[in-house]
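A.B. asks: Sequence:
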Amino acid sequence: MKEKFKQKALKYFVIFLLVMFVMTFISRMIYTNNLPRVTAARVSSQSLSHQVECSGTLEARKKTPVFVPEGIKIADKAVKNGDKVAKGDTLIRLDKNDLSEQIKKLENEISTDINGGSGVYNAGSKNPVFALSELRISEIPVKVGDYVECGQYVMKLDPSYLYDKVCDLYNELESDRQSYNGYIEEGNNTSADAMANSIEVKERKYNKYNALSANGGMIYSDFSGTVTDVLVKTGDITTDSAVIMVSGDAKPNYTFSEKESKLENLRKLAEADGNIQSPIDGVVSDVTLNTGNLTTAEAVATVADVSGGLIFNAEITEDDTKLISVGDSVSVRFRNGKKRIDKCEITSIVKNESGEKYDVQIPVSDDELTVGEIGTLTTKVLSGEKYDCLPIEAVNNASETSGFIYIIDESEGFLGKEYVLRKKKVNIKEKNDTMYGVDALAEADDSKIVISSSKKLNDGQKVRLAAEK
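Read in order, the letters of the sequence shown are residues 123 to 591 in my numbering.
The set of hints was computed from the structure by calculation and includes no laboratory data. Take the hints with a grain of salt, since some may be wrong.
[Claimed, not checked] List of simulated lysine-lysine pairs, DSS-like, C-alpha gap at most 25 Å:
#  : residue 1 : residue 2
1  : LYS265    : LYS390
2  : LYS324    : LYS278
3  : LYS184    : LYS553
4  : LYS479    : LYS553
5  : LYS206    : LYS184
6  : LYS199    : LYS390
7  : LYS184    : LYS195
8  : LYS185    : LYS444
9  : LYS444    : LYS545
10 : LYS390    : LYS227
11 : LYS184    : LYS465
12 : LYS577    : LYS545
13 : LYS444    : LYS473
14 : LYS227    : LYS324
15 : LYS460    : LYS444
16 : LYS227    : LYS195
17 : LYS390    : LYS185
18 : LYS384    : LYS209
19 : LYS547    : LYS578
20 : LYS578    : LYS546
21 : LYS502    : LYS545
22 : LYS278    : LYS355
23 : LYS226    : LYS195
24 : LYS202    : LYS218
25 : LYS502    : LYS551
26 : LYS185    : LYS218
27 : LYS502    : LYS465
28 : LYS390    : LYS218
29 : LYS355    : LYS248
30 : LYS195    : LYS381
31 : LYS381    : LYS226
32 : LYS184    : LYS209
33 : LYS248    : LYS202
34 : LYS502    : LYS547
Predicted, not measured: the structure shown is a model, and the values here were computed from it.
Working from the sequences, and respecting the hints, build out all of it.
C.D. replies: Laid out in structure tokens, this is it:
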């Protein structure tokens, strides 16, 4: 009887233990399922890789723009972009009737100007440009009607004549200084003071002429505007009067001399039956006007001289300039990657007119490629130092210099492994599109860090490890 009771009691005890184990397991499962589910990655120590990629266009080293006087109607385009042309081939045909009318109109305007019309030039307020006196003029590169910028070279003085003048002034100074010393020795203070004043004046004059000589005798405009008067000619000796007058009121469309020049060009076009011809052998890279359009101040076409080689032109950012430089070798891909050219050397990196980006030039040698093709520059650059590299998504509250991560500390529990988070600050040294390079973490090689979580995390929190990347 007692034996049966013991067996039954043992049986119930075992059942109780099994039930408790099952309940504990179920409770553990429920608890674990409520924990944040995280994915993790291991820290790698390596150099950070940066990729530079940008698009650009293949152009000729040498391009020749073709200009035509403004306001003439286009009758026909003989070529399109990408066409190969020889020197003398017709690019564009002008409307011959319109060309004839333009010539007659301009001839009448010039005749009116000569016979008492608007004259060669008429301007309002004028600003004088002076040169130092007693010097011979050797060159005047501007004429009435030209527009000049402030600081633009407008006249050159004879260098040898200027040098002789400087020497004469120097000799006069030396003679006056000797006289001054003589007066001092004689005790003639009145004459010495007068000579000192004379020396001071001549020194200022000498310094001006000497500086002009050192500058090659160049005279520059002090104003921006249109040249209204050229008051001297080559070979004249300068005086204290102005040599050139500049008006800032307006820039004229056509001066008398410009009208004459335009008329001459129009007559040459008429002699060529209105055909605009290619000045060189090459490839047409830019025809912007269509039939019926009027010519403008812009080039009607551009002919690229491909015999001199091709240049790949692209734009990069200021950050990219920290990664690549002149002399680096890169790869350039064309035709959707079907054509790849490796070991292309960067020959130029300069800031472009926008002031925000930089133009990159890379010579390209390939007989199959032609002007105007679109390409992509690609290169990878490794950082100079090695870092502990972390996925960008692993770093929380990241700034330019710091952030924090969660390290997963692993331990053995009653029913298996447990994972507890430990918050740690990191110092960011460098980054690319996918990784941060940080100072050494001083953690074990097999340490894991959180890269994503199903819930918000806190320091010391237990988590469930879903996967490791």
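A.B. asks: The structure should be examined with respect to each hint, and the outcome stated for every one.
C.D. replies: For each hint, the structure was consulted:
1. LYS265 to LYS390: 23 Å, holds
2. LYS324 to LYS278: 23 Å, holds
3. LYS184 to LYS553: The hint is violated at about 40 Å.
4. LYS479 to LYS553: Holds. LYS479 to LYS553 sits at ~21 Å (cutoff 25 Å).
5. LYS206 to LYS184: Within the cut-off at roughly 15 Å; holds.
6. LYS199 to LYS390: Judged against 25 Å, a Cα distance of about 19 Å means the pair holds.
7. LYS184 to LYS195: 29 Å, violated
8. LYS185 to LYS444: Outside the cut-off at roughly 31 Å; violated.
9. LYS444 to LYS545: Distance ~33 Å between LYS444 and LYS545 Cα, so the pair is violated.
10. LYS390 to LYS227: 16 Å, holds
11. LYS184 to LYS465: 23 Å, holds
12. LYS577 to LYS545: Between LYS577 and LYS545 the Cα gap is close to 16 Å, so the pair holds against 25 Å.
13. LYS444 to LYS473: 13 Å, holds
14. LYS227 to LYS324: Violated, at about 57 Å.
15. LYS460 to LYS444: 29 Å, violated
16. LYS227 to LYS195: 15 Å, holds
17. LYS390 to LYS185: 23 Å, holds
18. LYS384 to LYS209: 23 Å, holds
19. LYS547 to LYS578: The hint holds at about 18 Å.
20. LYS578 to LYS546: Holds, at roughly 16 Å.
21. LYS502 to LYS545: 33 Å, violated
22. LYS278 to LYS355: Judged against 25 Å, a Cα distance of about 11 Å means the pair holds.
23. LYS226 to LYS195: 15 Å, holds
24. LYS202 to LYS218: Holds, because 21 Å separates the two Cα atoms, which is no more than 25 Å.
25. LYS502 to LYS551: 19 Å, holds
26. LYS185 to LYS218: 28 Å, violated
27. LYS502 to LYS465: 13 Å, holds
28. LYS390 to LYS218: 12 Å, holds
29. LYS355 to LYS248: 19 Å, holds
30. LYS195 to LYS381: 19 Å, holds
31. LYS381 to LYS226: Since the Cα atoms of LYS381 and LYS226 sit roughly 12 Å apart, the hinted pair holds (cutoff 25 Å).
32. LYS184 to LYS209: 15 Å, holds
33. LYS248 to LYS202: The hint is violated at about 47 Å.
34. LYS502 to LYS547: 29 Å, violated
Hint check: violations occur at hints 3, 7, 8, 9, 14, 15, 21, 26, 33, 34; the rest are consistent with the structure.
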